[in-house]
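S.K.: Protein chains in written order, with this note's numbering: chain U, 56 to 502; chain S, 232 to 556.
Since the hints were made in silico from the structure, they are not lab data. One or more hints might be untrue.
Pairs of lysine to aspartate or glutamate, EDC-like flavour, derived with a Cα cap of 20 Å [as the list claims (entries may be wrong)]: (1) S:K358 / U:D103; (2) U:K441 / U:D103; (3) U:K274 / S:E249; (4) U:K274 / S:D268; (5) S:K305 / S:D268.
Covered stretches of chain U (in silico footprint by chain S; criterion: 3 or more residues with CB under 8 Å from a CB of chain S, positions within the stretch not fixed) [what the hints assert, rightly or not]: (6) 259 to 269; (7) 465 to 472.
Cβ-to-Cβ under 7 Å is the rule here; a few derived chain U residues that face chain S [what the hints assert, rightly or not]: (8) A338; (9) Y342; (10) L418; (11) D419.
Cβ coordinates follow ideal geometry from the N, Cα and C atoms, glycine included.
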Amino acid sequence: MTPSALPPAAPSGPTLFANARLLDPASGRDEHGGCLVNDGLIVALGADVTAANAPPDTVVVDCQGNCLFPGLIDMCATIGEPGAAHKETLVSIGDAAAASGITTIVSTPDTEPVVDDMALVQYIQQRAELMSAVRVRPMAAITKNLNGEQMTELGLLAEAGAVAFTDATRAVADATVMRRALSYASAKGLLIVQHPEEPSLAEEGCMNEGEVSTRLGLKGIPAAAEVIMIERDIRLVELTGGRYHVAQISTGAAVDAVRRAKARGLPITAGVAPHHFALNETAVGEYRTFAKTSPPLRTEDDRLAVVEGIADGTIDVIVSAHVPQGVESKRLPFAQAAPGIAGLETMLPLALELVHNGHISLLDLLRTMTARPAELLGLPGGRLIKEAPADLALMDLDAPWQVDASRFRAKSKNTPYDDRPVQGQVLRTMVAGVTVFDAHAQAEAAE
Amino acid sequence: MTGLARTDFHHPHLLGIEGLSASEIQTLLDLGDHYVDLNRGDVPAEPLLANRTQINLFFENSTRTRMSFELAGKQLGARVVNMVAEASSIKKGETLLDTAMTLNALHPDVLVVRHRDSGAAALLAQKMNCAVVNAGDGSHEHPTQALLDALTIRRRRGNLEGQTVAICGDILHSRVARSNIHLLVTLGAHVRLVAPPTLLPPLVERMGVDVYHNMHEGLTGCDVVMMLRLQTERMSGSFVPSAREYLHYYGLDYDKLAAAKDDALVMHPGPMNRGVEIDTDVADDINRSVIREQVEIGVAVRMACLDVLCRNRGKPRTQDTEDAA
């Protein structure tokens, strides 16, 4: 495994997070205590770790009983670089992630040029190490230039640091290409991530097919387009034994299909974006392009099925699905507008709605953004245990605030959540033992 | 004579029929009715739109609708400017909203817009400082067509309430169908849709209509038969197997029309594909077809819409301030 990107600042001396609610989703730990960090690693942890027994020169952070948990791993975010630095840069995306408790961003390969070559995988990691406050780990393309035909150098790309493979928002439509990718990847244990949409059924579609699309006169994408692709791929997983992950699931039928495949013991996992459990198709309203996404927002029944899928573990990970878009790509007639939501800074508070509404426990929710993605991608983070990287987030679980796009650190502000009241505020974020975000210090600086 | 002293229509734009109340629709129809009579007489309409500027912005070709709006504006004394996409910078990659900014600088009072994308008129309305009339946006709405269809029926039948209207053909792609469904359902008519399943949008029955796949069943006992145009590129294998098969099952001829009431009206928004969705004899039957009347009423209804929207805008700018600007 290649070394992970590190923040530019030099590691500081020991830091103690005292008086915290320690949460480790993988082990189920949820107890009051302290967490001592030194040289970029967690060195001590537990109820007996206090300021009194900390080594000299330790910086003590009094957590006042707030939640301390492994920094979030966002398994799907579009970074602007290379090719779209006017929408997002590794600096802006790093700052946005740090302020949101995210310590690792897993980037999609649909950049310009496409990440289908070792040099680009290395370039992104090196540049992120210099520019970005958080770790950035690239996914690489399954097929050359996302053309859906020629397989990329999966093995070499993985050695260069690619943590998974996807053609981003293009589905690998050809069954033989998908079969061979899964088959080849299976020998090396690589993860294939599919955009679940049968393209011939989704052609020119720009929102969910149903009552709303009929009323608005927009071409819809039927729910069947998603489940058809997933059902096909399940058969290919059976045939090949390859590890397969649904990038973002949006329909109840697809959740059912994944649930059944898992019950049969197949190596199939699924991710979901917050908008598929926080919104439904009615958010499109009168042609609101900020609510145009891929896959599209679905019906309320689908949304409820997605919530259930998260609660029962059918859906493994929650991702930000951050897609930065500017005014020039959104202020257009709906069919012409680009899909995507700038989701980094709303991922955690929207996910916490599931906890506050009683659908899932806090530990189970955090697992979908920490231990589970780490496990799928083979990353060392995602744990709050001794010897784990000191990638940490401290959060006031109940603090209420209102989403305000104008205060986003991300360069693009395309959010449908503006003014939405949410709960759960990140107070401090640490990457490899270095504080990359401190809400208190920022508030003081602003005064 | 100004028709109505005051109106019950207070929207700044006319973007669609959906969301209008029955009384708002009746207001437009009443005023349209007045202009039909006026246009047939010798007395010209009062120049209510004098010193008003109306821009017709057409991104899709439509000679008849554009001419109808042009004539309506001129009858009321407006300065009418036509802007056709081919001849403008829109083809050079200018976005819709850049176009809006440019047009705002011309200080129009009314912008009549037709665009291939659903929602385009609403998007323009957000950025324009004038009243926007949707003259057809994608497969979404075409409100003035629905108003003229309704007025045509009302003038023949006295009322829309209780009338059974069959809308037949390519509902899926039709903005005319959507506007007509909203309007007719709002005014208490019974609406039936008759089309093959491939030309019906999903869950359309939730718009308060009954769906039929067979012309004979759908037309049985109808008061009005409204035919829609089927575009050539959709006839050969993509949505229906062939023009011949479509004519056989869904084209309107006397045989199928016999299922409707004896005095059922036959309507078509034009332009017709004779021999595809409608038989020439039926289209030309002066006893049944009101297709030519629809065209005449179209001008009057558009006069009503322009009149009402400009009333809501207050007094026009005088020529002097216009020149100074």
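S.K.: Next step is simple, just say for each hint if it's right about the structure.
M.R.: Hint-by-hint comparison with the structure:
Proximity of S:K358 to U:D103 is assessed by CA-CA distance (about 62 Å); at most 20 Å being required, the pair is judged violated. Proposed proximity of U:K441 and U:D103 is supported: the alpha carbons are some 14 Å apart, at most 20 Å. Of the pairs offered as hints, the one joining U:K274 and S:E249 holds, with about 19 Å between alpha carbons and a cut-off of 20 Å not exceeded. In summary, the hint linking U:K274 to S:D268 is not supported, as the alpha carbons are separated by about 41 Å, beyond the 20 Å threshold.
Taking the CA atoms of S:K305 and S:D268, the gap is near 17 Å; set against the 20 Å cutoff, the hint holds. Look at the stretch 259 to 269 of chain U against chain S: 5 of its residues bring a Cβ nearer than 8 Å to a Cβ of that chain, three or more, so the hint holds. Counting residues of the stretch 465 to 472 of chain U whose CB lies closer than 8 Å to any CB of chain S gives 0, which falls below the minimum of 3, so the coverage claim is violated. Interface restraint check: U:A338 against chain S, minimum CB-CB distance 15 Å, threshold 7 Å, status violated.
With 7 Å as the threshold, the beta carbon of U:Y342 comes within range of chain S, its nearest partner Cβ sitting at about 4 Å, so the hint holds. Hint on U:L418 is violated. Least Cβ distance to chain S is approximately 40 Å, over the 7 Å limit. Among the interface hints, the one on U:D419 is violated; its C-beta lies about 35 Å from the nearest C-beta in chain S, farther than the 7 Å criterion.
Checked against the numbered hints given earlier, the structure breaks hints 1, 4, 7, 8, 10 and 11 and satisfies all the rest.
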